[in-house]
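The whole structure should be built from the sequences, with the hints applied where relevant.
Which chain is which? The protein sequence lines are X and Z, in order.
First residue of the first sequence: 27, per our numbering; consecutive thereafter.
First residue of the second sequence: 314, per our numbering; consecutive thereafter.
No lab work stands behind these hints, which were simulated from the structure alone.
Note that CB positions come from ideal geometry on N, CA and C, so glycine has one too.
One or more hints might be untrue.
[Claimed, not checked] With a cut-off of at most 30 Å between alpha-carbon atoms, the simulated BS3-like pairs for lysine-lysine come out as follows:
#, chain 1, residue 1, chain 2, residue 2
1, Z, K547, X, K165
2, Z, K324, Z, K441
3, X, K165, Z, K509
[Claimed, not checked] For the chain Z half of the interface with chain X, some residues (derived, Cβ under 7 Å), not all of them:
#, residue
4, Q435
5, R531
6, R533
7, D536
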Amino acid sequence: MSEEIRRRRRSIIELIDEYFDAVERAAREFIGGLISEKPSWDTEERCLEPLANIFVTANEVIITVDLPLVKPESIRVEPMGENVLEISAEMKKKLNFGDLGLTHRRGEFEKLRCRTRIPVPVEIKHLKISFRRGILEVKVPRKRRIPVG
Amino acid sequence: MSELIKIIEKKPIPSGAVLIAGLPDVGLVGVIATSHIISQLKLEEVAYIDSTLLPPIAVLHDGLPHSPLRIFGNGDLLAVISETAIPADVVYPLARTLVNWCKKKNVKMIISLGGLSTPNRQNIEEPKVFAAASSQKLLETIKDSGVEVLGRGFMVGPYALILRYAMESSINALLLMAEAFHNYPDPEAAAAVVMKLRKIINLNIDVSALIEQGEEIRLRARDIMRRTQEEMAKMKKSQEYDLPLYV
Chain X
27 MSEEIRRRRR
37 SIIELIDEYF
47 DAVERAAREF
57 IGGLISEKPS
67 WDTEERCLEP
77 LANIFVTANE
87 VIITVDLPLV
97 KPESIRVEPM
107 GENVLEISAE
117 MKKKLNFGDL
127 GLTHRRGEFE
137 KLRCRTRIPV
147 PVEIKHLKIS
157 FRRGILEVKV
167 PRKRRIPVG
Chain Z
314 MSELIKIIEK
324 KPIPSGAVLI
334 AGLPDVGLVG
344 VIATSHIISQ
354 LKLEEVAYID
364 STLLPPIAVL
374 HDGLPHSPLR
384 IFGNGDLLAV
394 ISETAIPADV
404 VYPLARTLVN
414 WCKKKNVKMI
424 ISLGGLSTPN
434 RQNIEEPKVF
444 AAASSQKLLE
454 TIKDSGVEVL
464 GRGFMVGPYA
474 LILRYAMESS
484 INALLLMAEA
494 FHNYPDPEAA
504 AAVVMKLRKI
514 INLNIDVSAL
524 IEQGEEIRLR
534 ARDIMRRTQE
544 EMAKMKKSQE
554 YDLPLYV
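And the structure:
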């Protein structure tokens, strides 16, 4: 009897796991449907969107952006409000679609630009910037939390 | 499961060849390295991979459609490469199909080229290359090539399964991984891995173009890297950072 009960318990756990897997898949599909896929290039603004990542630690938020082929002196990091950073840089040379391997589109690009939303409150005016091996790193301290008790 | 993925041969496949695998993964190291090898050695397309599990994609070259997953080769070398991110739920059947095909074609050795996620990669001038293999004997034979053995840890993704399945099928398999950016294309890491590969299978390849054109490669690889990032997250690739527990 106890063996049957053990088998039934494993089945319930498996069912719960399957349920949560299905909920996660459905949520991903739903969110994927809401977000319209846009290209990583903008011919009107003549810019390409660089790859960026954001890490949140206990004390700071670290944003890294891959900025190949840019003039380092042209890199700009501009706060836009309390939790958005716009990062832009001019490219060393203009590139068109042909240079990037596409012959059926027309357009030329002269800068890289992206906007990053920071998910936690930060002291955006106290950011620190470094640029090494073509990777921009922006560190922004988190706002101090008020201790309770 | 493996019948959902087919490898369709366009030309005769040589027996006893070495197969290099360049699949989208950390830093796109494998894709960049394998693309460079294919280009430098002027390998021809000998087979392609087709599956209803993959998104409906045709890659156009000179106006002609191709599968995004293709196998190139010459007399004694094969190279499988993907021009699109591999969906996380296709990794199992793809790895199984590829290894089974290698067994059938009497492939001498599978060498997967990849990246080892390294958080402080910005501080590394020359990425180190690490190896894992399907047998102790194979690890011994590559000692002189200057590659360090990856003693313990987790591997996640298509290369992990290729290595496991190759070991089960008694096929020699090697995984070479260079320290690389996790989420950014890393041509320098690709160059490091190719330089070690040269010593292991005596390949005549110049990697200077990977370094000289590195910034352009990084720019062109943004979109495939972005899609690969999404699939790596689904696979929980970050488990490669975990400390292993051995009982």
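Structure-based check of all given hints:
no., hint, verdict
1, Z/K547 with X/K165, "27 Å, holds"
2, Z/K324 with Z/K441, "37 Å, violated"
3, X/K165 with Z/K509, "36 Å, violated"
4, Q435, "5 Å, holds"
5, R531, "4 Å, holds"
6, R533, "6 Å, holds"
7, D536, "6 Å, holds"
The structure is inconsistent with the numbered hints 2 and 3, although it conforms to all the rest.
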